[in-house]
Amino acid sequence: MKEQNLKVVSNKALNDSTYELVLKGGDINMSSGQFVEIKLDNFYLRRPFSVAKIQKSFLTIVYKIVGQGTKEMTKICENDNLSVLTELGNTFDLDKAKKPLLIGGGIGSAPLFQLAIEFNERGIRPTILLGFRNEAEVFYLEKFKKLGDVIVATDDGSFGEMGNTVSILKTKKIDFDCYYACGPMMMLKALAEYNSNGQLSLEARMACGFGACMGCSIMTKNGAKRVCKEGPVFSADEVVF
Amino acid sequence: MKEQNLKVVSNKALNDSTYELVLKGGDINMSSGQFVEIKLDNFYLRRPFSVAKIQKSFLTIVYKIVGQGTKEMTKICENDNLSVLTELGNTFDLDKAKKPLLIGGGIGSAPLFQLAIEFNERGIRPTILLGFRNEAEVFYLEKFKKLGDVIVATDDGSFGEMGNTVSILKTKKIDFDCYYACGPMMMLKALAEYNSNGQLSLEARMACGFGACMGCSIMTKNGAKRVCKEGPVFSADEVVF
Amino acid sequence: MNTKVKLFGHELKNPIIPASGTFGFGYEFAKLYDLNILGSMSLKGTTLEPRYGNPLPRIAECPAGLINAIGLQNPGVDKVLSEEIPKLDKVYSDKVIANVGGHSVSEYVETVAKFNECEKVFAVELNISCPNVKGGGMAFGTDPKIAENLVKEVKKHSLKPIIVKLSPNVTDIAEIAKAVCGGGADGVSLINTLVGMRFDLRTGRPIISVGSGGYSGVGVYPVALRMVYQVYKAVSVPIIGMGGVSSAYDVIEMMYAGATAVMVGSQNLIEPLASKHIAEQLPRVMEELKINRLEDIIGRAHNE
Amino acid sequence: MNTKVKLFGHELKNPIIPASGTFGFGYEFAKLYDLNILGSMSLKGTTLEPRYGNPLPRIAECPAGLINAIGLQNPGVDKVLSEEIPKLDKVYSDKVIANVGGHSVSEYVETVAKFNECEKVFAVELNISCPNVKGGGMAFGTDPKIAENLVKEVKKHSLKPIIVKLSPNVTDIAEIAKAVCGGGADGVSLINTLVGMRFDLRTGRPIISVGSGGYSGVGVYPVALRMVYQVYKAVSVPIIGMGGVSSAYDVIEMMYAGATAVMVGSQNLIEPLASKHIAEQLPRVMEELKINRLEDIIGRAHNE
Ligand SMILES: Cc1cc2nc3c(=O)[nH]c(=O)nc-3n(C[C@H](O)[C@H](O)[C@H](O)COP(=O)(O)OP(=O)(O)OC[C@H]3O[C@@H](n4cnc5c(N)ncnc54)[C@H](O)[C@@H]3O)c2cc1C
Ligand SMILES: Cc1cc2nc3c(=O)[nH]c(=O)nc-3n(C[C@H](O)[C@H](O)[C@H](O)COP(=O)(O)OP(=O)(O)OC[C@H]3O[C@@H](n4cnc5c(N)ncnc54)[C@H](O)[C@@H]3O)c2cc1C
Ligand SMILES: Cc1cc2nc3c(=O)[nH]c(=O)nc-3n(C[C@H](O)[C@H](O)[C@H](O)COP(=O)(O)O)c2cc1C
Ligand SMILES: Cc1cc2nc3c(=O)[nH]c(=O)nc-3n(C[C@H](O)[C@H](O)[C@H](O)COP(=O)(O)O)c2cc1C
Ligand code: FES
Ligand code: FES
Numbered sequence: 001m002k003e004q005n006l007k008v009v010s011n012k013a014l015n016d017s018t019y020e021l022v023l024k025g026g027d028i029n030m031s032s033g034q035f036v037e038i039k040l041d042n043f044y045l046r047r048p049f050s051v052a053k054i055q056k057s058f059l060t061i062v063y064k065i066v067g068q069g070t071k072e073m074t075k076i077c078e079n080d081n082l083s084v085l086t087e088l089g090n091t092f093d094l095d096k097a098k099k100p101l102l103i104g105g106g107i108g109s110a111p112l113f114q115l116a117i118e119f120n121e122r123g124i125r126p127t128i129l130l131g132f133r134n135e136a137e138v139f140y141l142e143k144f145k146k147l148g149d150v151i152v153a154t155d156d157g158s159f160g161e162m163g164n165t166v167s168i169l170k171t172k173k174i175d176f177d178c179y180y181a182c183g184p185m186m187m188l189k190a191l192a193e194y195n196s197n198g199q200l201s202l203e204a205r206m207a208c209g210f211g212a213c214m215g216c217s218i219m220t221k222n223g224a225k226r227v228c229k230e231g232p233v234f235s236a237d238e239v240v241f
Numbered sequence: 001m002k003e004q005n006l007k008v009v010s011n012k013a014l015n016d017s018t019y020e021l022v023l024k025g026g027d028i029n030m031s032s033g034q035f036v037e038i039k040l041d042n043f044y045l046r047r048p049f050s051v052a053k054i055q056k057s058f059l060t061i062v063y064k065i066v067g068q069g070t071k072e073m074t075k076i077c078e079n080d081n082l083s084v085l086t087e088l089g090n091t092f093d094l095d096k097a098k099k100p101l102l103i104g105g106g107i108g109s110a111p112l113f114q115l116a117i118e119f120n121e122r123g124i125r126p127t128i129l130l131g132f133r134n135e136a137e138v139f140y141l142e143k144f145k146k147l148g149d150v151i152v153a154t155d156d157g158s159f160g161e162m163g164n165t166v167s168i169l170k171t172k173k174i175d176f177d178c179y180y181a182c183g184p185m186m187m188l189k190a191l192a193e194y195n196s197n198g199q200l201s202l203e204a205r206m207a208c209g210f211g212a213c214m215g216c217s218i219m220t221k222n223g224a225k226r227v228c229k230e231g232p233v234f235s236a237d238e239v240v241f
Numbered sequence: 001m002n003t004k005v006k007l008f009g010h011e012l013k014n015p016i017i018p019a020s021g022t023f024g025f026g027y028e029f030a031k032l033y034d035l036n037i038l039g040s041m042s043l044k045g046t047t048l049e050p051r052y053g054n055p056l057p058r059i060a061e062c063p064a065g066l067i068n069a070i071g072l073q074n075p076g077v078d079k080v081l082s083e084e085i086p087k088l089d090k091v092y093s094d095k096v097i098a099n100v101g102g103h104s105v106s107e108y109v110e111t112v113a114k115f116n117e118c119e120k121v122f123a124v125e126l127n128i129s130c131p132n133v134k135g136g137g138m139a140f141g142t143d144p145k146i147a148e149n150l151v152k153e154v155k156k157h158s159l160k161p162i163i164v165k166l167s168p169n170v171t172d173i174a175e176i177a178k179a180v181c182g183g184g185a186d187g188v189s190l191i192n193t194l195v196g197m198r199f200d201l202r203t204g205r206p207i208i209s210v211g212s213g214g215y216s217g218v219g220v221y222p223v224a225l226r227m228v229y230q231v232y233k234a235v236s237v238p239i240i241g242m243g244g245v246s247s248a249y250d251v252i253e254m255m256y257a258g259a260t261a262v263m264v265g266s267q268n269l270i271e272p273l274a275s276k277h278i279a280e281q282l283p284r285v286m287e288e289l290k291i292n293r294l295e296d297i298i299g300r301a302h303n304e
Numbered sequence: 001m002n003t004k005v006k007l008f009g010h011e012l013k014n015p016i017i018p019a020s021g022t023f024g025f026g027y028e029f030a031k032l033y034d035l036n037i038l039g040s041m042s043l044k045g046t047t048l049e050p051r052y053g054n055p056l057p058r059i060a061e062c063p064a065g066l067i068n069a070i071g072l073q074n075p076g077v078d079k080v081l082s083e084e085i086p087k088l089d090k091v092y093s094d095k096v097i098a099n100v101g102g103h104s105v106s107e108y109v110e111t112v113a114k115f116n117e118c119e120k121v122f123a124v125e126l127n128i129s130c131p132n133v134k135g136g137g138m139a140f141g142t143d144p145k146i147a148e149n150l151v152k153e154v155k156k157h158s159l160k161p162i163i164v165k166l167s168p169n170v171t172d173i174a175e176i177a178k179a180v181c182g183g184g185a186d187g188v189s190l191i192n193t194l195v196g197m198r199f200d201l202r203t204g205r206p207i208i209s210v211g212s213g214g215y216s217g218v219g220v221y222p223v224a225l226r227m228v229y230q231v232y233k234a235v236s237v238p239i240i241g242m243g244g245v246s247s248a249y250d251v252i253e254m255m256y257a258g259a260t261a262v263m264v265g266s267q268n269l270i271e272p273l274a275s276k277h278i279a280e281q282l283p284r285v286m287e288e289l290k291i292n293r294l295e296d297i298i299g300r301a302h303n304e
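Listed in order, the protein sequences are those of chains A, B, C and D. FYI, the numbering for the first sequence is 1 to 241, going by this note's numbering. FYI, the numbering for the second sequence is 1 to 241, going by this note's numbering. FYI, the numbering for the third sequence is 1 to 304, going by this note's numbering. FYI, the numbering for the fourth sequence is 1 to 304, going by this note's numbering.
Keep in mind that the hints were calculated from the coordinates and are not lab data. Hints should not be assumed to be uniformly reliable.
Once the Cα atoms are required to be at most 20 Å apart in a straight line, the calculated DMTMM-like pairs of lysine to aspartate or glutamate come out as [unchecked claim]: (1) 225(B) x 304(C); (2) 225(B) x 83(C); (3) 87(C) x 93(B).
Here chain C is said to cover these stretches of chain D; the calculated rule only asks that three of the stretch's residues, wherever they fall, bring their Cβ under 8 Å from a Cβ of chain C [unchecked claim]: (4) 41-47; (5) 64-74; (6) 193-205; (7) 219-228.
In this text the structure is predicted, and so the values were computed from the model without any measurement. By construction, the Cβ of each residue, glycine as well, lies at the ideal position given by its N, Cα and C atoms.
Given the sequences, and given the hints that come with them, work out the whole structure.
This is the structure in structure tokens:
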């Protein structure tokens with residue numbers, strides 16, 4: 001973990017409710033699955049966000065407006081400086097898959113982008129299953145298509161297949177050995193019940209984000225683990241939902 | 001009273017501990033004696049400052065670093081926007097004097113600058129007695145000299161006369177009919193005891209600054225009065241110290 | 001968006017009420033905005049006799065609020081009735097809440113009774129929780145028996161509904177709430193200020209002239225919410241919630257916790273248009289949260 | 001600048017101590033900075049048996065702090081002694097304070113006694129004020145008789161000085177402080193968290209899984225200062241002050257109020273280097289305020 005001051009390169013809307021924030025700074029030594037915590041003016045706690053892309057000293061996150069803090073974040077401007085804790089949490093384990101399936105639910109698709117990049121760096125083109133509520137929420141589609149074979153589903157069928165990631169997974173025959181999923185807790189739970197051979201990136205309300213407060217401890221088959229420290233990536237077969 | 005967003009024109013040091021902040025905004029309808037309240041980021045209460053100069057839509061305050069808020073104010077930059085309550089408090093009564101004496105103690109000299117301007121506008125050149133702790137604290141000297149006959153005293157004699165405003169007033173023969181004073185409470189008290197024909201600009205710790213909280217009420221011979229509303233300028237003979 | 005709420009049969013156009021002591025007697029704010037946007041207002045704490053209050057300094061800043069020790073400065077109930085309320089009546093057409101402080105049961109009783117004939121006042125808020133008055137104020141608010149007895153006596157002589165304002169400086173606020181309801185309180189309001197202190201970095205001495213004072217502002221908000229929630233579980237009279245409210249979102253949370261109406265205090269002092277802004281923001285926030293009728297959400301946090 | 005203070009004969013190089021529950025067992029912070037800059041540290045609350053604590057969410061944000069309801073998650077005293085403290089010992093050379101929670105007198109007694117042989121620990125802090133554990137924790141801290149009796153029993157079996165950590169959720173904290181001193185407490189620490197709540201704007205339900213939790217952070221600072229001041233007047237044992245401390249200026253104010261040492265809690269969570277920064281800032285602030293020996297200012301607010 002490091003506390004860094006990063007400069008805002010850009011902060012732009014990808015769709016009505018989703019933004020992309022690009023930061024530039026000294027020393028970004030991170031991999032897919034890890035997250036950062038951003039300090040916002042006038043908010044007490046930092047806000048955790050997965051890295052969506054890491055490239056040399058550029059760090060990209062993709063965030064969805066869900067509350068006061070993320071609403072405020074849309075006002076961040078180019079050249080602003082942000083205090084960011086970097087290198088938080090563990091990483092996805094890429095060794096688990098020869099034929100990976102990446103499953104993203106809504107904004108949970110964000111960390112899968114960096115994961116897809118890393119698989120491509122290993123010469124593996126993953127299958128990518130993305131679920132959104134509706135067409136308006138889709139983001140990064142063209143970018144994902146460059147990195148893998150993409151299936152998109154929307155709850156209302158306004159784009160791609162109609163359904164959610166779990167229903168698609170159950171009905172469509174997708175060839176994969178291990179899946180990597182991030183999205184709403186409900187989705188992750190349904191996935192884990194359906195197939196335990198996967199990795200799940202979890203969320204929890206956090207105070208510190210670096211292991212000091214026990215605010216984010218979940219129960220696993222191997223005892224209590226902190227989402228921010230032993231996680232956010234857990235094996236689908238160990239999480240006790 | 002008005003709540004306004006004013007733009008910072010400049011914020012520069014006059015000496016080691018004294019700064020001048022110039023703001024520009026819509027509608028500055030104020031006179032000498034009145035004050036403004038400035039909202040600072042990360043501080044709950046606004047900070048009250050007398051206007052040192054008003055010129056069309058430009059408003060100047062002169063402030064001294066005494067605590068966390070004024071220390072933070074030195075970081076205000078050109079083009080920043082500040083939320084300011086303007087047109088607060090009453091004004092000096094210029095009609096009281098044909099031969100005015102303006103008495104400033106330290107940073108209390110600031111509001112006397114606008115007062116001196118107003119006397120000049122009436123064709124009256126005031127006598128101006130300014131007391132400082134030492135040479136390093138003197139500010140606006142050349143500017144004051146253009147507007148009146150200036151006597152400067154310092155506690156340690158490092159500049160001008162040695163002594164404080166009250167001792168100078170007692171020993172030097174100064175020709176005046178009514179005085180106008182702003183400075184530390186101790187000085188104002190000594191002045192009022194020595195000569196009751198004057199106007200005093202008082203300070204008090206304030207919450208609102210516009211008459212709502214009763215946080216700043218002083219006792220006067222005419223009952224309780226709010227420094228922020230019936231004041232900050234009071235007649236020397238009415239204040240109960 | 002229906003923002004109406006009812007208190008003791010009296011309908012407020014919205015639940016936004018400036019809190020006692022942070023809005024004077026209201027009329028001075030009329031120069032800033034049309035007060036008729038407000039659901040009601042709670043007047044400055046009034047005592048039988050005029051009071052100057054505590055020596056200065058009465059105010060100390062805190063990272064997320066302020067400490068005050070005004071000491072109930074007010075012109076006395078007679079002048080409030082003959083001068084202040086008539087002035088307010090000219091600029092505000094709805095009815096208001098009188099706020100009464102005191103040092104003894106008889107003083108409270110006598111002061112409250114004086115409002116009986118005042119049509120502008122639809123309820124009297126009994127401040128038994130002021131931490132800034134020696135030998136009175138808060139003492140009435142921390143002992144359930146003393147509180148109950150006071151309310152009983154006051155009720156005997158009052159023709160108006162009595163709202164009892166509760167102190168947060170207690171181990172069990174629900175116990176006090178039950179006691180004042182036992183005494184006949186028609187409603188409760190909470191929270192008053194938390195006792196707090198600050199010290200002068202240079203001298204080491206307390207900043208407030210009388211040592212400690214009452215702490216209010218956004219810093220007390222989570223405590224206020226918890227206490228409103230607790231009291232809602234304990235009693236069935238309407239609750240007026242307050243403490244650190246600074247936005248329409250905060251109003252909604254207070255109402256979820258159990259408040260029928262919400263008072264805005266310190267925020268008026270740092271942002272003079274606060275109560276107006278909150279009242280204006282409320283319908284927009286209701287729309288965002290898909291709330292059609294504000295009364296429907298009172299106590300929603302308690303639904304299973 | 002002499003920043004040394006003494007607690008029970010043990011000399012601390014400065015009064016800065018990370019507060020229990022906000023610093024884990026310390027060693028994980030050693031990757032961030034050299035812990036030896038800290039006067040001491042208070043370990044995560046420890047119970048006889050391992051505890052998972054409360055379900056998630058355990059954290060809710062507030063405008064000037066946070067609410068936590070961890071529920072004393074810890075690996076149990078045996079593992080703390082055999083694994084956690086040895087790990088800490090490798091990266092921190094000074095002695096530390098163990099923090100003990102419990103559900104019954106016997107659990108407290110047994111857990112405290114286990115630290116008797118642990119050289120790394122120079123004092124045990126008895127948490128009788130945790131609002132997050134049902135049927136224990138805070139109940140011990142709000143009734144003076146129960147508190148006194150607990151301390152008495154613990155003292156019989158402890159070889160270490162006992163610091164009793166007091167709850168701010170009481171009408172009269174001085175009364176509890178006197179009671180625990182009557183029971184033999186060697187020192188007191190305060191404040192623990194204030195009970196607070198937040199509600200989900202969308203559902204209306206409490207955010208914290210168990211409803212309410214403990215509120216801490218800069219928002220509690222004025223309450224903490226007042227209580228330290230009150231307790232200093234009431235008892236003569238050393239006081240460890242905490243609650244909302246976020247700078248060396250705050251440390252000075254706490255000491256003026258009566259604290260011999262000062263704990264830094266929530267600030268560690270939002271600014272990982274907070275305790276280090278405060279320890280570094282302290283001599284500079286002493287110079288600015290013309291304080292040569294820090295011990296001289298303890299309780300200065302009480303000088304006439
Ligand atoms: C490890 C991790 C990675 C994440 N990655 C992303 C990402 O890449 N993109 C993205 O848009 N979001 C991500 N989130 C969720 C994101 O942190 C929240 O949406 C955000 O904090 C909400 O802040 P707010 O102020 O808008 O919401 P508010 O509800 O106003 O926030 C109040 C408090 O609740 C917390 N909170 C609210 N919702 C959540 C949530 N779902 N998870 C955790 N804390 C929450 C906030 O952090 C804050 O402390 C991630 C969360 C975690 C734990
Ligand atoms: C009507 C009026 C006019 C003023 N005009 C000027 C001026 O022209 N130039 C100038 O430099 N100063 C002026 N002051 C004093 C100025 O407001 C304080 O020096 C300033 O608020 C200190 O803020 P701080 O954060 O640095 O100090 P801190 O001590 O950190 O502030 C803490 C709190 O105490 C209050 N406070 C501290 N000292 C004073 C004080 N002497 N008077 C009132 N409140 C205080 C602050 O406003 C704040 O609420 C004036 C005060 C008043 C009431
Ligand atoms: C300056 C000031 C004066 C107050 N005077 C009174 C009063 O006279 N009577 C009363 O019942 N409460 C009084 N209060 C308490 C407020 O009405 C309110 O209960 C408290 O401030 C909490 O709300 P807030 O956090 O929104 O300010 C006063 C508060 C402040 C800040
Ligand atoms: C996440 C968290 C966990 C805590 N756990 C404990 C604990 O185990 N034992 C204890 O005595 N106090 C615990 N506390 C209370 C703190 O030690 C401290 O008393 C309180 O937070 C006030 O200080 P602060 O405002 O500086 O945080 C905890 C506080 C927080 C925020
Ligand atoms: S958020 Fe503090 S331990 Fe995970
Ligand atoms: S500061 Fe509020 S009335 Fe003067």
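Against the structure, the hints:
1. 225(B) x 304(C): violated, 53 Å
2. 225(B) x 83(C): Satisfied, since the Cα-Cα distance of roughly 17 Å is no more than 20 Å.
3. 87(C) x 93(B): Violated - the C-alpha atoms of residue 93(B) and residue 87(C) are around 28 Å apart, more than 20 Å.
4. 41-47: violated (count 0)
5. 64-74: holds (count 3)
6. 193-205: holds (count 10)
7. 219-228: holds (count 7)
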